[in-house]
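**Q** Sequence:
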Amino acid sequence: MTTEHVNHLANEKSPYLLQHAHNPIDWYPWGEKAFEKALMEDKPIFLSIGYSTCHWCQVC
Numbered sequence: 001m002t003t004e005h006v007n008h009l010a011n012e013k014s015p016y017l018l019q020h021a022h023n024p025i026d027w028y029p030w031g032e033k034a035f036e037k038a039l040m041e042d043k044p045i046f047l048s049i050g051y052s053t054c055h056w057c058q059v060c
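Each residue of the sequence shown is one higher than the last, beginning at 1 in the numbering used here.
None of the hints are false.
Cβ-Cβ distance ranges computed for the label pairs, FRET-style:
(1) V59 - E32: 33 to 39 Å
(2) C57 - F35: 31 to 37 Å
(3) T53 - E32: 27 to 33 Å
(4) K37 - Y16: 20 to 26 Å
(5) L39 - V59: 35 to 41 Å
Simulated from the structure, these hints should not be mistaken for lab results. These numbers come from a predicted model, not from an experiment. Where a beta carbon is used, it is the ideal one built from N, C-alpha and C, also for glycine.
Generate the whole structure from the sequences, applying the supplied hints.
**A** This is how it looks when you write it as structure tokens:
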């Protein structure tokens with residue numbers, strides 16, 4: 001039995017963020033937790049900006 005990966009976007013309200021809640025990357029939404037983790041681990045913030053489109057816009 002395999003379990004599906006869930007990252008920190010799973011509890012967000014944004015449809016765009018929810019589309020990426022099962023990506024294999026441990027994404028964090030923009031906020032203090034992301035900044036605290038980056039600071040603690042001495043890592044940069046990787047910012048990904050995108051938007052939701054209709055289904056047909058994505059497949060055509």
